[in-house]
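Given only the sequences and the hints, what does the whole structure look like? Please build it.
Protein chains: 2
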Amino acid sequence: MTERLAAQLAFLAEADRLKSVLRATPVHGGRKENSGEHSWHLALYALVLADQAPPGVSIDRVIRMLLLHDLVEIDTGDVPIHAAGGMAHGSAARQAEEARAADRIFGLLPKDIGDELRALWEEFEAAESPDAVFAKALDRVQPVMQNIAAGGGSWRDFDVTFADLETRVGRKVARGAPRVWDHVRTVARPFFE
Amino acid sequence: MTERLAAQLAFLAEADRLKSVLRATPVHGGRKENSGEHSWHLALYALVLADQAPPGVSIDRVIRMLLLHDLVEIDTGDVPIHAAGGMAHGSAARQAEEARAADRIFGLLPKDIGDELRALWEEFEAAESPDAVFAKALDRVQPVMQNIAAGGGSWRDFDVTFADLETRVGRKVARGAPRVWDHVRTVARPFFE
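Taken in order, these protein sequences are the chains called A and B. When we follow numbering that gives the first Met the number 0, the leftmost residue of the first sequence carries the number 0, and every step to the right adds one. When we follow numbering that gives the first Met the number 0, the leftmost residue of the second sequence carries the number 0, and every step to the right adds one.
Hint data in this document are derived by calculation from the structure and do not stem from the laboratory. Among these hints, one or two may not hold up.
As the list claims (entries may be wrong) - Think about it this way: if two alpha-carbon atoms lie no more than 25 Å apart in a straight line, the pair counts; the simulated SDA-like pairs of lysine to any residue are:
(1) B/Lys31 x A/Glu96
(2) B/Lys31 x A/Ala12
(3) A/Lys31 x A/Asp156
(4) A/Lys31 x A/Val186
(5) A/Lys31 x A/Lys110
(6) B/Lys171 x A/Ala12
(7) B/Lys171 x B/Ile58
(8) B/Lys110 x A/Gly55
(9) A/Lys31 x A/Thr75
(10) A/Lys171 x A/Phe191
(11) A/Lys31 x B/Leu21
(12) B/Lys31 x A/Gly28
(13) A/Lys110 x B/Ala148
(14) A/Lys110 x B/Pro53
(15) B/Lys171 x B/Ala92
(16) A/Lys31 x B/Lys110
(17) A/Lys110 x A/Asp59
(18) B/Lys31 x A/Glu13
(19) B/Lys110 x A/Ala148
(20) B/Lys31 x A/Lys171
Below is the structure:
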């Protein structure tokens with residue numbers, strides 16, 4: 000029992016490092032957001048925007064996915080969606096690197112828990128189940144809201160156009176939460192004019 | 000519909016400010032933890048330590064509580080548990096200030112959502128239901144683990160003794176997650192010798 004608990008706590012101590020992984024988008028005050036606080040914010044998005052999820056989506060499973068979805072970044076770092084014209088994000092090399100990170104990080108846990116959380120992370124990455132599609136939509140729309148609040152944020156840093164935003168972000172948000180994108184795109188648009 | 004969604008997004012934009020509320024405990028690297036990333040870490044504690052919860056506890060409700068539990072600090076700031084000998088924490092004045100903050104912050108939401116989240120926050124604060132008792136135990140034990148990882152952390156800043164730790168922290172952890180405290184107290188003890 001103590002060995003099991005020690006493994007659980009070792010994983011949680013390792014997870015602390017996600018608070019040092021920086022993202023491209025800013026928080027209030029202008030500093031870069033880290034992936035730990037981003038994950039919290041996303042889970043809160045799921046809780047508050049539950050009425051935007053299609054029928055059959057389990058908000059509690061979405062929240063669990065969002066709590067875990069960036070843990071691999073402890074080893075890989077974050078790749079901003081708008082960096083290098085959006086090409087680096089989702090490459091095969093990146094996926095292999097993330098799988099190795101998942102082996103190491105979820106491997107710190109007792110096997111039953113590690114397998115369960117790893118499966119949730121893979122479901123999120125695959126972006127096929129209704130829960131994962133909604134979770135991905137939130138993961139894409141939150142940085143848009145952060146950039147709006149900052150008056151442009153990472154859009155300015157990466158010379159993003161409104162067409163880029165529609166392609167790289169809007170499609171995924173619209174797939175999981177269409178009414179949210181309808182609203183947010185109209186709020187975002189003036190920042191590109 | 001748009002007005003409702005705009006209110007949900009306004010609440011989420013306001014929640015971003017929790018990432019600027021600093022706590023006494025450090026993260027890896029030594030900087031002070033903020034209450035946003037702390038809330039994420041706690042939700043992950045609930046997910047990973049689910050087998051330590053007494054029968055009947057809903058981990059999904061615990062996670063929801065932990066995502067919300069510190070939002071009032073956007074207005075009030077964090078009061079470290081070891082500051083002023085532990086006296087400032089939980090005072091009547093503090094409770095009144097937090098209730099005013101909850102009025103304002105949950106009041107940003109559409110009424111049905113605001114009422115639901117406010118009720119969850121009040122349940123956490125009352126620390127009576129099994130879900131809240133387990134959530135409180137996690138909220139108390141995570142800073143202990145952060146201080147252990149930092150070689151002392153806020154215990155050094157506030158001249159905390161092991162007896163202080165048992166009184167201010169151990170009792171609440173032991174109430175909600177007794178086996179966790181049995182283990183963690185033996186890991187923490189050498190830092191006080």
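Checklist entry - Holds or violated: B/Lys171 with B/Ala92, Cα cutoff 25 Å? => result holds, 22 Å
When you check the alpha-carbon spacing of B/Lys31 and A/Gly28, does it fall within 25 Å?
holds, 16 Å
Query - Satisfaction of hint between A/Ala12 and B/Lys31, Cα-Cα up to 25 Å - result: Between B/Lys31 and A/Ala12 the Cα gap is close to 16 Å, so the pair holds against 25 Å.
Notebook entry, point to check: Taking 25 Å as the top limit, are the C-alpha atoms of A/Lys110 and B/Ala148 close enough?
Noted result: holds, 24 Å
message = Hinted pair, alpha-carbon criterion (25 Å max): A/Lys31, A/Thr75. Please report holds or violated.
response = holds, 17 Å
Hinted pair B/Lys171 and A/Ala12, Cα distance within 25 Å: Distance of about 21 Å is within 25 Å: holds.
- Query: Given the hint that B/Lys171 pairs with B/Ile58, does the C-alpha gap stay at or below 25 Å?
  - Reply: With a Cα-Cα distance of about 18 Å, the restraint between B/Lys171 and B/Ile58 holds, given a limit of 25 Å.
Could you grab the alpha-carbon distance between A/Lys31 and B/Lys110 and see if it respects the 25 Å cut-off?
-> violated, 32 Å
Holds or violated: A/Lys31 and A/Lys110, Cα atoms, limit 25 Å.
Violated, because 35 Å separates the two Cα atoms, which is more than 25 Å.
_Run the distance test for B/Lys31 versus A/Glu13: straight-line Cα separation, threshold 25 Å._
holds, 17 Å
| Keeping to a limit of 25 Å between CA atoms, is the pair of B/Lys31 and A/Glu96 held or broken? | Roughly 30 Å separates the two Cα atoms, so the pair is violated.
Next item on the list: Below or equal to 25 Å on CA atoms is what counts here, so check B/Lys110 against A/Ala148.
Entry: holds, 24 Å
Checked against the numbered hints given earlier, this structure breaks hints 1, 5, 16 and 20; the rest are met.
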